[in-house]
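Visitor: My request is simple: use the sequences and hints to build the entire structure.
Chain by chain, the residues:
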Amino acid sequence: MDIQVLGPGCKNCSNLEKATAEALEQLGMAQEITKITDYGQIAAYGVMKTPALRIDGEIKVSGRVPSVEEITKIISEATR
Amino acid sequence: MTTAVPSSGHQLKPSQLWGSVIAAGFAWTVGYALNGAFWDFIIYDLAGLDADSHLGASIHFFVYDTTKILLLLVGIIFIVTVLRSFVTIEQTRRALGGRHEGYGNVAAAGLGVVTPFCSCSAVPVFIGFVAAGVPLGVTMSFLIASPMVNEVAVILIFGLFGWKVATAYVTFGLIVAVVGGYVLGRLNLERWIEPFVFETTIDGQPVEPSTTMPWSDRFAMARQEVRTIIGKIWPYLLIGIGLGAVIHGWAPEDFFVNLAGSGNVLAVPLAVMVGIPLYSNAAGIVPLAGALADKGVALGTVLAFMMAVVALSLPEMILLRRVLQPKLLATFIGVLATGIVTAGYLFNTII
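First to last, the sequence lines map onto chains F and C.
Quick note: this note's numbering has the first sequence finishing at residue 1229, numbered continuously throughout.
Quick note: this note's numbering has the second sequence finishing at residue 659, numbered continuously throughout.
None of these hints come from the bench; they were simulated from the model.
Be aware that one or more of the hints could be misleading.
Pairwise CB distance ranges (calculated) [claimed, not checked]: (1) GLY410(C) x GLY1177(F): 51 to 59 Å; (2) GLU1218(F) x TRP542(C): 22 to 30 Å; (3) PHE394(C) x GLU1226(F): 19 to 27 Å.
From the three backbone atoms N, C-alpha and C, an ideal C-beta is built for every residue, glycine too.
Guide: Following this line, the structure appears as structure tokens:
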């Protein structure tokens, strides 16, 4: 599974990264989170509102920091 | 854990959810209605300060205005965020995709106001728009209108200047965005956009979460937005209103009139030049501008000053530099500054 946090490095981007890490921990998954900070790359993924969460090439969340609970749900749905 | 949105909405029944929203709305209305009377009682009756004294007037101005502005911000950011949760920036881009200049600029400026946007998104939005074929001038109209006519600035101006000035600010802001974007589009500046923008192909499938979002999530999002914005701007707000209170209570009446009253022809461009590099969000600058207007600085000058501070900020320019070459960036600043100066003069002439 490929988990990416997209954002140039604003406060909410690190919040999203933290929340995602926490969700992974709750799920007992030792997954790496890749950070994408390059604007060209972020835009190429079709994201115009950061932060965004991209799992296996699919944008799951954009422009907000969801709760750990919601991320947990998103990740477990993606693993299925 | 602390940074995440508490999704308590999930456990609430619809009746409880709407009940709590209505209760909060009621509490807000009562608080707003009693604000003046409450502080009159505390400052003048309980603390025994004289309403005509410098100290009494300043303290009353400070606490009354802070409370009023905070209440307005909380209420309106909440409502605006809920409404905006129905609009996504992807929809905006699609709406603007086939538009040509002229009508497209008007549509872009209008959409700039309603589309959720923050200045840290300026670069991805710019790339996303231009790479998807939205004309440069239309994109610029969006990029000018979006930060300038934002809800925080408009609420503050409404709260401290009244609805007439707020309407003028929105109207002139939109005109500057439409005309500025149109002019920038006419200048054929595409060659000064960093080439990688055009090489970007958008292959991602954008999410459209807002179309299916339940009300509880919209409210949770709005609560988070209120917290984020207030958390970010309260120091500016306190300093701005504090300085405003000092000017209100102590600054000699003729000081600012001599400096930037209607007698000084160059007051508008001077105000814009001072305003451009100033980095403050609207929260700090509007209360200060309010005090300046109280002391006799012409309203158009104050308006131009606020527009310059809000629309043009150094950090945003540094971000935009990644996609715009220096010449284009300079032209952008020049066109925008000229537009704001013109708006200021126009307003001073009308009033």
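Visitor: Under the constraints set out in the numbered hints, which ones does this structure not fulfil?
Guide: none
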